[in-house]
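*Asks:* These protein sequence lines are chains A and B, in that order. Read in order, the letters of the first sequence correspond to residues 0 to 187 in numbering that gives the first Met the number 0. Read in order, the letters of the second sequence correspond to residues 0 to 353 in numbering that gives the first Met the number 0.
Careful, some of the hints might be misleading.
Now the stretches of chain A that chain B is said to cover, found in silico as 3 or more residues with beta-carbon under 8 Å [as the list claims (entries may be wrong)]: (1) 94 to 104; (2) 134 to 148.
Once the Cα atoms are required to be at most 27 Å apart in a straight line, the calculated DSSO-like pairs of lysine-lysine come out as [said to hold, decoys possible]: (3) A/K79 / B/K103; (4) B/K23 / B/K319; (5) A/K178 / B/K69.
No wet-lab data here; the hints were simulated from the structure. By construction, the Cβ of each residue, glycine as well, lies at the ideal position given by its N, Cα and C atoms.
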Amino acid sequence: MTKILFNKLGTSVKITQSSIENDINSFLKEMYYNLDLNYPKFFKMDNLCKLGLIGTELLFRKNKDLFSRKDRVGIILQNKSSSLDSDIKHQEGIESNTVSPAVFVYTLPNIVIGEISIKHKWQSEGVFFIDEEIDYELMSQYSNILMREGRADLNLIGWIDVIKNQYSLKLCVVNEEIKAEELKNILV
Amino acid sequence: MFIGAENIISPLGNSAKETFERMKNGESSIKNKNGILLSSFSSSQNELLPLMIDSISDSLSFVNQTILLKSKTLLIVSTTKGEINSINLDINKAHLSCLSEKIKKIFNCIDKGIVVSTACVSGLQSLIVANDMINHNYYDNVIICGGDLASQFVIEGFTSFYALSDAPCKPFDKDRKGLNIGEAISTIIMSNDKNLYKETPLKFLGGCSINDANHISAPDREAEGLIKSINNTLEIGNVMSNDIDFINAHGTATVYNDGMEAKAFSKLNFDNIPVNSLKGYFGHTLGAAGVIETAISLQAMRNNLLLKCIGFENQDFDSKLDILTENRDIQVNTILKTSSGFGGFNASVIIQKI
Chain A
0 MTKILFNKLG TSVKITQSSI ENDINSFLKE MYYNLDLNYP KFFKMDNLCK LGLIGTELLF
60 RKNKDLFSRK DRVGIILQNK SSSLDSDIKH QEGIESNTVS PAVFVYTLPN IVIGEISIKH
120 KWQSEGVFFI DEEIDYELMS QYSNILMREG RADLNLIGWI DVIKNQYSLK LCVVNEEIKA
180 EELKNILV
Chain B
0 MFIGAENIIS PLGNSAKETF ERMKNGESSI KNKNGILLSS FSSSQNELLP LMIDSISDSL
60 SFVNQTILLK SKTLLIVSTT KGEINSINLD INKAHLSCLS EKIKKIFNCI DKGIVVSTAC
120 VSGLQSLIVA NDMINHNYYD NVIICGGDLA SQFVIEGFTS FYALSDAPCK PFDKDRKGLN
180 IGEAISTIIM SNDKNLYKET PLKFLGGCSI NDANHISAPD REAEGLIKSI NNTLEIGNVM
240 SNDIDFINAH GTATVYNDGM EAKAFSKLNF DNIPVNSLKG YFGHTLGAAG VIETAISLQA
300 MRNNLLLKCI GFENQDFDSK LDILTENRDI QVNTILKTSS GFGGFNASVI IQKI
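Given only the sequences and the hints, what does the whole structure look like? Please build it.
*Replies:* What follows is the structure in structure tokens.
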């Protein structure tokens, strides 16, 4: 089963699996219809992008006021597996002589930032970091930098990782400077 | 913010100086390898980590160790695919953060290592993150190491996109028909302390990376993202466009990328500023591109010599850009460097002489 949890203020969302037997494809499809996304492009995306779009949509709907007043939404994401989920599919394509550009284009982790930006028409700053686990210090530092310099009005910050049927997402929206500890509390 | 201590390990040489010297003589490392045009190392050099370690070691030889060890230093690894060659043999090794972790353990001057991976803008984006981290006093120095290999993984992928040219690439040329993949490693060190450098550094005035929210693999025909990025960078760096002496563009030599860049430069009235792309020398080096091309541009500034845009012969339709057809000796004080990539990312930075 998959759990979707918001914090009290609704500024953070967490998607976790309680068992890894859970099939990511059926979860993402179910979420698409539950949210009534009506965005056919969704079905062309790889699972990392689909998960990113779902997570952003959940946050966006809870924080409509916050988002509607701001046009520069910085996106700062991180994960462990980069785009390995799509990399494995592309590698299988190489071995079976069935390489597809529709798979290859997703073999980069930052494509999820592109897909989120396209969906919401955000022409803003974005960066993708890779690490073993979420680096609250780095994420808060970079969010604060964009805020202080006025390069973003609000930031979408979080962790989004997919590899085969294992997936997790922790995403929050902040509109002021934040300490690493605070970010950790929000994203828990 | 200071920038310097550049190293390049490429098929053209094992230092920034050597690579620049050979480029100055018009040498290109793009060769036919089993029917595909590539700029590649010898086949024994098929691991990124040892090359990154060599590259960082060389860069560190250009800085004062005492100052470095007394201050706080961040490592940023810039890569798109890391050790992707090991995807079948050892998937753990293919995790990008293995690189930053292993490098950190080797160099005791590094306090923390991170990885930036944003497609072909990874390199420039890493320089931008480095500048931001130092400006906001989180670190005193940042070692930026960019690298990618010309793996079968990326060659097959770009082939499926019909993005590869079967001849040496022709950036900005009207008959351009695609890119050549290249492999290279490059390291640059940024610092808040001028005395860190043994050779006079340059100043990094600022930069930013903007998403064009247009398409994940096709450049925005109106070049909105790149224009926005350049305008923001000029503002951040407090530089007027007529202060810019030279633009080192991305110039992959694909029809759409170069068309988009030419559109951006012409909309910004950059028609009189000399432009080049370095892809004709060592191909498109992916996650290394922003770092290696900045390193060569630092050499161009140090030598007051702009390199010709190898492969360029004839202007595209209505373009009036000053694309370098010969090396040009001029006083180079301020430069603009740009990169664009998959995911709709557009990065730009400005560098100036002290």
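*Asks:* Hints first: check each against the structure and report whether it holds.
*Replies:* Now for the hints, and whether the structure bears them out:
By the rule of at least three residues with a Cβ nearer than 8 Å to a Cβ of chain B, the coverage given for the segment 94 to 104 of chain A holds, with 5 such residues. Counting residues of the segment 134 to 148 of chain A whose CB lies closer than 8 Å to any CB of chain B gives 8, so the stated coverage by that chain holds, three being the minimum. Straight-line distance between C-alpha atoms of A/K79 and B/K103 comes to about 17 Å, which keeps the hinted pair within the 27 Å bound. In summary, the hint linking B/K23 to B/K319 is supported, as the alpha carbons are separated by about 25 Å, within the 27 Å threshold.
For the given pair, A/K178 sits about 26 Å from B/K69 by alpha-carbon distance, which is consistent with the 27 Å threshold.
Of the numbered hints listed earlier, not one is contradicted by the structure.
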